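Work the whole structure out from these sequences, hints included.
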Amino acid sequence: MNRAILEFFKKYDYTFMVTMLAIFIVGVLNLYSATHSHSSAHMQNLFKSQILWFSLANVIAFGISMFPPKSMFRLAYWAYAFNVLLLILVLIMGKEGMGAQRWLVFGGFRLQPSELMKISLALALARYYTKNSPEKELYLKDLIVPFIITIIPTVLIVVQPDLGTGLLLLLIFLVVSFYKRLRWKSIGVIVLLGLISGSVMYKFGLKEYQKKRILTFIDPYADAKGSGYNAIQSEIAIGSGRWFGKGFKKSSQASLNYLPENHTDFVFSIYNEEHGFFGSVVLISLYIILLMRFIWLAGSSLRFFDSILAIGLMAIFFWHTFINMSMVMGLMPIVGLPLPLMSYGGSSILTFGICIGLVTSISNSRNLF
Amino acid sequence: MFGDEELIKLHRKRATQVANIILVCFGIILLRLWYLQVYKGDQYHKFSIQNRLRKEIARAPRGMIYSTNDQLLVDNIPRFDAVLTRQYLKNKDETLNRLASILDMDIKDVKSTIKKHSSQARYRPIIIKKNISLKEVAQIETENASLPGVSVDTFISREYVDGEVGAHLLGYISEISQQQLPKYRSRDKLDYHLGDFIGQFGIEEEMDKTLRGENGFEYVEVDALGRKKKYINTDNLFQGIQDKMPRPGKNLKLTIDRDMQVAAYEALKGKSGSLVALDVKTGKILTMVSTPAFDPSQFSRGLTTEYWNSLITNEENPLRDRSIQEHFSPGSTFKPFTAIAALEEGIINPNTKIRCHGTYRLGRRVYHSWKRWGTEKVNVRDALMQSCNIFFYKAATDMDIDSLAKYAKMFGFGQRSGISLPREVSGLIPTKEWKLKRNGIPWQQGETLSCSIGQSYVLTSTLQLANAYAALATKGKLFKPYVVDEVFDYNGKLIKKYEPELIREIELKDSTWNAVREGLHRVVNQPKGTAWWRRGFGNNMAGKTGTSQVIRAQSAENLYSKCSEMPYEFRHHGVFVAFAPYDDPKIAVAALVEHGCGGSTAAAPVVEKVVSQYMQKYLPEKHKEFAKKEKAQYLSFLRKRNAAREKAKKENEAQESASGAEDDSAQED
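Chains as they are written, first to last, in the working numbering: chain A, 1 to 369; chain B, 1 to 669.
Read the hints as simulated data drawn from the structure, not as lab findings.
Keep in mind that the hints are not guaranteed to be accurate.
Stated by the list, open to error - Each pair of labels, with its calculated beta carbon distance range:
| hint | chain 1 | residue 1 | chain 2 | residue 2 | range |
| --- | --- | --- | --- | --- | --- |
| 1 | A | Ile88 | B | Ala145 | 52 to 62 Å |
| 2 | A | Leu193 | B | Gly27 | 23 to 33 Å |
| 3 | A | Ile88 | B | Lys108 | 54 to 64 Å |
| 4 | A | Ser285 | B | Ser151 | 29 to 39 Å |
| 5 | B | Leu30 | A | Phe82 | 38 to 48 Å |
| 6 | A | Ser285 | B | Gln87 | 39 to 49 Å |
| 7 | B | Leu30 | A | Glu208 | 32 to 42 Å |
| 8 | B | Lys111 | A | Glu208 | 35 to 45 Å |
| 9 | A | Ile187 | B | Gln120 | 50 to 60 Å |
| 10 | A | Gly247 | B | Leu30 | 15 to 25 Å |
| 11 | A | Leu193 | B | Gln120 | 49 to 59 Å |
| 12 | A | His42 | B | Leu30 | 30 to 40 Å |
Said to hold, decoys possible - Below 30 Å or equal to it, Euclidean Cα-Cα: the simulated BS3-like pairs (lysine-lysine) are:
| hint | chain 1 | residue 1 | chain 2 | residue 2 |
| --- | --- | --- | --- | --- |
| 13 | B | Lys509 | B | Lys377 |
| 14 | B | Lys13 | A | Lys141 |
| 15 | B | Lys13 | A | Lys131 |
All values derive from a computational prediction rather than experimental measurement.
All C-beta atoms in this analysis are idealised placements derived from N, C-alpha and C, irrespective of residue type, glycine included.
Written as structure tokens, this is what we have:
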């Protein structure tokens, strides 16, 4: 028995957890730096609760890693169905925050079902693609069911409204489908469809503030003190870091409140201001190591479900990282997506913890189960 | 379990593709980062510093003004405003009530002041009460903790040490007005802003550019809301960004003598008038006072409505500078120049005697002397002494007005003296051409008669009179009067020294100079002279009294009615001009007392005080010597007169007839 446990821990894949920890340490230091000079004690103590959330996330991740991927395969649709139900509940009785209904409150516990939905979707898609002729290349018609699987929660999330997370689900769907050998021709059609539906959406479907974000992205200086303010201040923060940054706790943009939300969406700007281009290369390398590890695992996994799930989870990480970084440096309109393990936020930390737990389980299963 | 290894291999290819796409994405991110941080890094770095820095104007202290004896006349003193910053305001009603009680204000006024500024940013302080007392400052500071949002702001107030004394000369500063802004910007090529204080009157206005210095700027760190941070990080972030120290304004040393200035102000206090004293050998203005005056300090402290109203509703208009910005008929003080014209043109000679009849008839018009009954025949000296109108009428009968004007203008009348002070009037010396142009009517000889005694069209300012008499004192040296002696910087280094500027040297016959100067000496130093009774002791003055008629076309009735019984606004202005000491003249002094009736009763004592002040301060030995001599002369005169009176009394008693002439000092001239 003891031997078995020893064997287990010997073969346990710590790489994901260690990389996660590395990014988190950078993240929590950065969070501390961004909030230490803030006037309110609540803000100053954010990094402490971030540590608590991270600890919880680790416990959950470790717990999940104990279960074999087989059980996830079984639970996939249930998790999906349950999560969609939660999303509907949010619309009916959700708590409002920042002008959108995103939270469910159970007792004193706040839950953001849209966060978990990313994982549930990855699970559901992995299971669907595993079940239906996994050997075939995908044609457009093969995308109909997975698209429906994706679009139901997407719509529920977009009407909250949370356009960013909604789009993220679509992007996860695209990555997973691409991985499941979607034909290049079909990809071309999808891109075309996406452009058309996108412009139709813009014309009729978007709210005023969402349109403004996009316009602001195109020309932030048109309203530099208003809607363009964040984008400009963020670029200034990043650019002013130059090669090596201003140094830890020396961000002027953050300490003087030029960047609002500097503990959530704009942590990367503060990081860049303080650590410069050099620091960014280090941080981005950590993200790339993590993502490459995901992809390597997907490519070397012997079971098809595991492989697709790993890619789906990778997609969650990747899109968060890429979109957040792009938006703060003016490559994309500002959508409120956190930077994994860097931005403050319990739900987001837990989501990424679960991802890490799942992927560790997959990795372990190659040797253990 | 679900697939096989074959299948997995199929997806390896896609995995590599996914990896590649992701690497490309991060490549884009890194490229963008390189662009922002390395390629444009310096620019953004500059932005981030500008972001947090606010350039604030560091106001240059205005130059100080000193008297000729290096006494401080105008100073800069810190004063305090009570201000409220709404951003930090808590317990609004409680705090405002307490503030109102500390400042002794009505809570309604406090609230309406705040309301007036409600549109401005909340972090901007609102001035609740200007210029609060030190006690109020202390109270606010000690209760600081319980008065969130209330604080004390310091500002530099321009303080005029002697208050109203010489207010018009020194002038005042106040905020530049919206209308002045574009004008001054283009005039001075300086970037004036609202809130800048500029000289608006007197020396402050004239020398504004010298006094104002050069504003600097300093950077203060502010946060996104524009709030000032307490400290500035002194790390390498601020390389290349430097404050500019303000350059203090330059100091002025005036030619003004503070003691004489105070003496003149004291003598004129309660009256409307002006006095100018100048150094006859240089043209330096020693005294320049106009009353009623205002307190210039009030303007830089922020005028209260009450004070402003009291200034503009005062009928005597304290804002008017009566020394150079007003002109008036010089009256008999103009007679010396008529005498000079007559002597030089050969109409009379120093010994020509003319009978001082009570009336003089030219054509149909009758001209009166100020004494109804004619006296004995007099020469020009005695005519000046007694201020005999008839003498000058007769001399003027044969005189061309243009030649009178020629001599008057030689002495600086009818033109600006050129003193560097704003808004000087030129006065008026009429000529034939001038009248034809103005009225379209040719000159009439009768008008020459009026002009010859300084009435009719002739207008002069106090300064012109003083300067013309200075030329009499120096036998023809007419200087350009000036008030600023030296400009020096805050280290005391001399930057500019103003030198006397001779306008012209008037060349007249020696006999003319002597006749006129002796005449003026007799006015003061002979018992029959019009200023004999008011000369004081120890000054050895020579001068001339004058009456500036307020109402024209007088009937014989009101000509001889007692001035002091007339309504105030119809009373004559009294004028007196003198130079002293007679043997070696140093100063010339002119005084005007509006509605003061006679020149000797109203104006001469004022001049006498200022001259005495000068003599005591600069020529004490001579002053004592003269005083002794003049007192002796006075006593012997009294003795003689009393003896004569005794004798007359006895004769009268014997004859039982009416009494003789009383002391006539009350109504000479």
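The hints, checked one at a time:
no.: 1; hint: Ile88/A with Ala145/B: 52 to 62 Å; in the structure: 54 Å, holds
no.: 2; hint: Leu193/A with Gly27/B: 23 to 33 Å; in the structure: 27 Å, holds
no.: 3; hint: Ile88/A with Lys108/B: 54 to 64 Å; in the structure: 58 Å, holds
no.: 4; hint: Ser285/A with Ser151/B: 29 to 39 Å; in the structure: 51 Å, violated
no.: 5; hint: Leu30/B with Phe82/A: 38 to 48 Å; in the structure: 40 Å, holds
no.: 6; hint: Ser285/A with Gln87/B: 39 to 49 Å; in the structure: 44 Å, holds
no.: 7; hint: Leu30/B with Glu208/A: 32 to 42 Å; in the structure: 35 Å, holds
no.: 8; hint: Lys111/B with Glu208/A: 35 to 45 Å; in the structure: 38 Å, holds
no.: 9; hint: Ile187/A with Gln120/B: 50 to 60 Å; in the structure: 57 Å, holds
no.: 10; hint: Gly247/A with Leu30/B: 15 to 25 Å; in the structure: 22 Å, holds
no.: 11; hint: Leu193/A with Gln120/B: 49 to 59 Å; in the structure: 53 Å, holds
no.: 12; hint: His42/A with Leu30/B: 30 to 40 Å; in the structure: 35 Å, holds
no.: 13; hint: Lys509/B with Lys377/B; in the structure: 24 Å, holds
no.: 14; hint: Lys13/B with Lys141/A; in the structure: 23 Å, holds
no.: 15; hint: Lys13/B with Lys131/A; in the structure: 21 Å, holds
Hint compliance for this structure: hint 4 alone is broken.
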